[in-house]
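Listed below are the residues making up each chain.
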Amino acid sequence: MAGLLQTLFDALSLGSLYALGALGIALIFGVMRLVNFAHGDVIAFSVFALLWPSVDAVAVVFAGNMPWFLLVPFVLVMGAGLSVLSELLVFRRFRRANPATMMIASFALGFVIRYFLLMLFSSRPKSILLLPTLSQPVEIFGARIPLLQVITIVATILILFGLTSFLRRTRYGLEMRAAAENFTMARMLGVRANRVIMGAFALSGALAAAIGLILAAQTGTADIQMGSAVMLMAFIATVIGGLGSLPGAVLAGFLLGAASVVMQVVLPAEARVFRDAFVYGAVILVLIWRPQGLLSARGTKERV
Amino acid sequence: MSLLALSNVTIRYGRLTAVRNVTFALEEGETLFITGPNGAGKSSLLRAIAGVVPPAGGRIDFGGHDITGRAPEDIARMGVSMVPEGREVFASLTIEENLLLGTGMHAQARNWRSRSASELAAIYDTFPMLKDRRHSQAGLLSGGQQQMLVIGRALMTSARLIAIDEPSLGLAPNIIDQVYDRLIALQAQRSLTLLIVEQSSTRAMLVGGRMILMRGGEVMLDGDARAMGQSEALQAAYFGYGEH
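The listed protein sequences derive, respectively, from chains A and B.
For what it's worth, my numbering labels the leading residue of the first sequence as 3, then goes sequentially.
For what it's worth, my numbering labels the leading residue of the second sequence as 9, then goes sequentially.
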């Protein structure tokens, strides 16, 4: 029982990370038809924003010394800020370019961010003690669950809930959903393209920052590559979920998290090193079965 | 001063010239039909007025302002409401959400909610069917119902000019009659200016008003629809008799 509960929490917390990542990618894809490969680097950037530039192995914590109620908003604003900045400086110029061009631009932007961090911090992973109280375990029905896992899951649920009500209940959310379905028609009704796209980038950046926070707290390290593994899985989740579909992205994120954890448990010990191969194998099977994704987005028309 | 004035508008897609040197003006409260065979450049003209396709040459004025090359959202906010071909409802949004999108230009106004509510009530008054199903997805409506929805949505913008591209496309004849009945009633009620694109000129002659006939990207005829229907020039211009 305790073991089962532990597995469930592992699956949910890993799935949370993938779901948040997939959501960040799907939000931007929805309004711009852009697969933003710089998303993973926004994750790393928002964590490094807490540090003072140095090449030492131990991080020189700067903004990271703030109490949590300042630290969390600070990181979220950093992620959102970088994301909005990349829209203003880079992607806005590619609005009318074809999706492949935009995708390459996002690759390039990702490298720029990564090498910027590399210059300031070197490529060595740094140990960083972020909110240390979170690593203590709590007892739930006899299972010892790390507090951080519980917080990750609760935070993800709150974010999903908040985002859903934002999209459903507010004017801005309504415009975003309309723009994701048919941008040209939305503009012909007076919906401001720049405002909607900037909003999507800000939300996506804040989601990336949330992932950065969780990863840094979980692993105790800041690494300029820290976003790439999550980004890869999150990208796969958006495809499995049906590109452009937000509920699909979340669902597929959790499914991928669950698949990874369950494989870790059920695979024989000698096959466990090949776990990712089994997960990706499952991904291929899903895509053969439903090439359009689990929940395909309806009526996705051309962008701007 | 005319509400809408086009002078020497030319539209190109790459090497293809879709519209060539079109000039006409539309007065406030007027109904103008633009008719002509497939490929005459009617839809392109509407897309240029709405700002979706920037013209390659010429100038478009609306309400005394030069709107050539402005963004679609700016033009919409100035009072041009487009109902594009194929209706383009937001299928995943509810009917009410579709309608509310039309009020976006006042979203910043403090009284947005109350203003939208009274606008909504007026639209539901005109189209009771929309009210009954206001919380169901717009994609589930029939073609005729969707046409009513997009006309209602265009009205929500409190536009001065409503431009409709082929409102009768894919609809049964009795539904087309209904759509036009509503349109004409609304025009009288709200003193709207209407710009209607139709492939066939029969509807224009039935409704009356002014008609422009386009072919090959150019204006062939411009005059009173009923008077034009009497003359042989119409057929000749439509099919291009007496040329080549």
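By construction, these hints were calculated from the structure, which means they are not laboratory data.
One or more of the hints may lead you astray.
If the Cβ cut is set under 10 Å, some of the chain A residues that face chain B in the computed set are [stated by the list, open to error]:
#1 L53
#2 P55
#3 S56
#4 V57
#5 V60
#6 R173
#7 E177
#8 A182
#9 E183
#10 T186
#11 A188
#12 M190
#13 R194
#14 A195
#15 N196
#16 M200
Glycine residues also receive a C-beta, built at the ideal position from the N, C-alpha and C atoms.
Practice item. Classify the hint on R194 (chain A) as holds or violated, based on whether any CB of chain B lies nearer than 10 Å to its CB. Key: Holds, because the Cβ-Cβ distance from R194 (chain A) to chain B comes to roughly 5 Å (cut-off 10 Å).
Check your understanding: Was the hint right that L53 (chain A) lines chain B, CB cutoff 10 Å?
Key -> Hint violated; L53 (chain A) Cβ to chain B Cβ min 40 Å, cut 10 Å.
Exercise for review: Go through the hint on A188 (chain A) and say holds or violated, using the shortest Cβ distance to chain B against 10 Å.
Suggested key: With a closest approach of 7 Å, the A188 (chain A) hint holds.
Review point. Should the interface hint for N196 (chain A) be scored as holding, given a Cβ-Cβ cut-off of 10 Å against chain B?
Key: holds, 9 Å
Review point. Under the criterion of a CB-CB separation shorter than 10 Å, is P55 (chain A) in contact with chain B as hinted?
Key: violated, 41 Å
**Study point:** Satisfaction of the S56 (chain A) interface hint, Cβ to chain B closer than 10 Å
**Key:** violated, 46 Å
Point to revise | Restraint satisfaction for E183 (chain A) [CB to CB of chain B, less than 10 Å] | key: holds, 5 Å
Practice item. Go through the hint on M200 (chain A) and say holds or violated, using the shortest Cβ distance to chain B against 10 Å. Key: violated, 14 Å
Practice item. With chain B as the partner, please determine if R173 (chain A) meets the hint condition of a C-beta pair closer than 10 Å. Key: For R173 (chain A), the interface hint holds, since the closest Cβ of chain B sits about 5 Å away, which is under 10 Å.
Point to revise | Interface hint outcome for M190 (chain A) [beta carbon to chain B under 10 Å] | key: It holds, given that the least Cβ distance between M190 (chain A) and chain B is near 4 Å, below 10 Å.
**Study point:** When the least beta-carbon distance from A182 (chain A) to chain B is tested against 10 Å, hint result
**Key:** A182 (chain A) check passes; min Cβ-Cβ to chain B is 9 Å, inside 10 Å.
Point to revise | Hinted contact A195 (chain A) with chain B - closest CB pair below 10 Å | key: Since the shortest Cβ distance to chain B is 6 Å, the answer is holds.
Consistency note: the structure conflicts with the earlier hints numbered 1, 2, 3, 4, 5, 16.
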